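Assemble the whole structure, with the sequences as input and the hints as a guide.
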Amino acid sequence: MSILANKDTRVVIQGGQAGVNAARRMAEFCYLIKRPLNVEAFVYPPDAGKTNEIPYGSGLIAIPIYRSIAEATKHHPTLNTSLVYIGADRAMKGGMEALDDSHIKVVSMITEGVPEKDAKVLGAHARKLGKVFNGPSSIGIISAGACRLGVIGGAFDNLVLSKLYREGSFGVITKSGGLSNEIIWICSQFADGITTAIGIGGDAYPGTDYVSYLEMFENDPQTKAVVIVGEMGGDLEERAAEWYGAKKRRVKLIAVVSGFCQESLPKGMKFGHAGAKEGMKGEGSARSKSDALKKSGALVPPTFGALGPAIKETYQDLLKSGQVREPVEPATLPRLPKTVEEAMKADEVMVAPLIRTTISDDRGDEPCYDGYPASELINKGYEIPHVIGLLWDKRLISKQEAEIIKRIMMLSADHGPCVSGAYATILAACAGIGLSQSVAAGMIMIGPRFGGAVTDAGRFFKYAVDNKMSVDEFLAYMKKNHGPVPGIGHRVKSLRNPDKRVKELVGYVKSLKIKTPCLDFALEVEKVTSVKKDNLILNVDGTMAAVLVDIGFPVDSLNGFFILSRTIGLIGHWVDQKRQDSRLIRLFDYLVNYAAPKRREVPPLK
Amino acid sequence: MAKVLEGPGMGLMKKWGINVPNYVVVTSVDELTKLGQANEWLKNSKLVAKAHEALGSRFKLGLVKVDLDFKAAEAATKEMIGRQVGSITVTQVIVSEMIAHTEEYYCAVKSTREGSEVLIANCGGIEVESNWERVKRLCLDIGQAPSQESLEKLAKEAGFTGPLAKKMAAFAGKMFACFDSEDAQYLEVNPVVVRASDEELVALDAVTLLDGDAKFRHPDWNFAFAAEFGRAYSRQELEVMAVDSKIKGSVKFIEIPGGDTAMLPAGGGASVYYSDAVVARGGKLANYAEYSGDPPDWAVEVLTEKVCSLPGIKNIIVGGAIANFTDVKKTFGGIINGFRKAKSEGKLKNVKIWVRRGGPREKEGLDAMRALKDEGFDINVFDRNTPLTDIVDKALQVK
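Protein sequence lines correspond, in order, to chains A and B.
Quick note on this note's numbering: the first sequence kicks off at 44 and runs consecutively.
Quick note on this note's numbering: the second sequence kicks off at 1179 and runs consecutively.
What the hints contain is simulated information worked out from the structure, not anything from laboratory work.
In this text the structure is predicted, and so the values were computed from the model without any measurement.
Just so you know, not all the hints are guaranteed correct.
Stated by the list, open to error - Below, in silico cross-link-like pairs of lysine-lysine (BS3-like), each with a Cα-Cα straight-line distance of 27 angstroms or less:
1. K1519/B with K1492/B
2. K381/A with K1508/B
3. K136/A with K1393/B
4. K1507/B with K381/A
5. K449/A with K556/A
6. K1572/B with K1527/B
7. K1430/B with K1530/B
8. K388/A with K1541/B
9. K570/A with K77/A
10. K136/A with K1424/B
11. K511/A with K553/A
12. K1288/B with K136/A
13. K1181/B with K1424/B
14. K1508/B with K388/A
15. K290/A with K363/A
16. K1551/B with K388/A
17. K1424/B with K388/A
18. K1288/B with K171/A
19. K1426/B with K136/A
20. K1541/B with K381/A
21. K355/A with K1572/B
22. K511/A with K449/A
23. K93/A with K1393/B
24. K1192/B with K1212/B
See the structure below:
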């Protein structure tokens, strides 16, 4: 047997993430004792209609979220307990809502920092209705082998170590959350473990006090002794002493009280829980509480450290008198399945990776590019072209190479609004489309006829140079196998109207003391083709391609230089249209050659 | 509980219709001089000047001056501002009207588990302390407000007669309204006096303790709460409080000058048991500290730095019970960082560190602590099998 929380307890949790975390812990306990999850519903208006997924064993259980307690109890009429995980400013309303629902008999509030007045009103309301209001600031309630409410009991391993999978003979009542676990552990090591442990919260006026719970334990035949962990301040311990001393009690009472240090501290210096405040004339001091408990007949060890032996002594007496028998431990206990991460850490499982990367790693405190930390690159004067070199070709390029790349990017960042890419972006921007989609619309235009010839140009020039072809051999090869030479020819520019960008880039690269076999070959090709036709000049794609091949970039990366550079322009166009609040545009009819058949009658459907 | 200084305390009482003397709170003489030009009463009344700080025994320290004219009040203000008393510098002075009176009474409202109590005595000042049996009380249930009749009955019980009983009842009624509406935990006026000029009851001195947790519903609480220690918070304490207000979970730190055993335990409950153990062993606490509610590691690191910076410490007690949900590995990570930082700054020389803890990821956390030995820390690490406060016994046995 147990008190407050048992096998019939069905729980609704009021609150968001903190409540979900508690539900996970509760599910671990349910799994340990081989019982279904005792949480049936959440109340959290922002997520009403959705579900929270709670791990149970190796599976997940979907628990519905409702707008109100009434809605939850309507769908789950067996609900009888509510855990409140709502912020201090709204906790009162939430607690009242739960108390006022006829299904709910026990409300336990975890919320800390609840105004005293609210806590008092909640407690009084519960007493009026004959219900239990536990908390605020309660870590929870746990009945060994039966029911866990909240995170009390800690991690799964601790549940097992503290033998919470089966009931013992000791009841526990504490103000402190952390100490509740400590006492549960001590009871399992020095005796046969607990029946129920209750965190009543460390506030000045907990909704339910020691006496109410002592009464419940007194009426629970399984509980043979109760351990109270008290604190200075208030008079709850004195009241417990009064209850214990009033008549012969079935349960034995063991109690410790903290706060003796107060006697030797500077006057007025107080610390600990909110409720740990000593009164004016020493009432509520650790000593007065401790004395009162001793006087009532309770076993009061002098220090916390002596608690274990005191519990042991009590347990031995109970054994001797035949009131309890040595517990039988189950042969096997369920083991909580490990997550993949935990299992890997323990070297218990091998996972075949899904992808493989050779360029970057962001698992540390900052990204590393090809092994180099980004901040160190910055601090040592490296720039964007170097990052391109690391991520596209896995090498630290030279200053000179970086300068070439920078110039290529600056020259191809934008080419006005009329070209396919920019025009598509502008069209999308005017239709009210967002940045990434509009830029993507422009990107889609990059292909064999617009901007996307860099890779192919580089490939063929490189092929010619690698195979030591003459210009004539190359042109013949291209004509036979591929068609027009990528990188040669321009829609507008010609020999008489040269492309300034090409001139600029070629001039700069030629001024450097580097070998440029591809560029040299491309210029030779131009000499021949431009004689055939005025506009068959080496265009900017072809120039970039030749230069980039010459400085060692892999052919497959070459289109990337145009894509990257032009993205700068496309973003600019989108922002520009947005800034102007441009209107939707459409083609004028006079810009269309309507070559479709004239309007005619539709024949009947056959 | 949050203590409120006299000025804002009087302000709250005035809000609920209680007569209080005219008063001003100033931070400089110039301010007082300007206020003197704007307020007739400052020129025309006898005045009291008091240091407006959370200080005990202000009378003895010469920080209360009575029966002043405006010039003398200016002089007193000048003298008080900037005075150093222990760790507190006087930055504010409250100058109030001296109320000519004959009789002194007592009235208080306090929160109890059952509801609240209204206390009345027909004596006041220091007389109350020595005649506590003359204080009469009215107990009220949670949610219950006192009726005028019940308060009159209480006043009569306390020895008030005739119209004065009615007045005292009305005064207590306003006190209760203020107490109830302002989320107070304790309100005390001592003395309540009969103002000679109009026979009205006036609150001369007030103790106001509010529920700091209720601040969210009192937008007009525009004042800072005073330290309850009879001293101001130190810079280190304020820094930890600033961190505490920002995080999930909590970190707490109070310095106790002269101690040699530094505390860095987890949990509001366990921390006090650790402190008790130190005192029981004859040790001297250098501080109180506590972290709980799974605080972020950086917050625990800040707390650790403060603890390591305490002067003259010989032992640091990194104690804790078996945590429910505080991640031991993570919070210990913060402590370890704090220790390393302190060591690199030349602190922690000849300081022994004692660790005991359990809870989520306890093994990993304790292993990380043990590894500090290799870095030259004098550290002793124990797990859940060592009873909670045994590390204190071990620490204080070692000579």
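task: Check each numbered hint against the structure and report the violated ones by number, ascending.
output: Of the numbered hints given earlier, those the structure breaks are 9, 17, 22, 23, listed in rising order.
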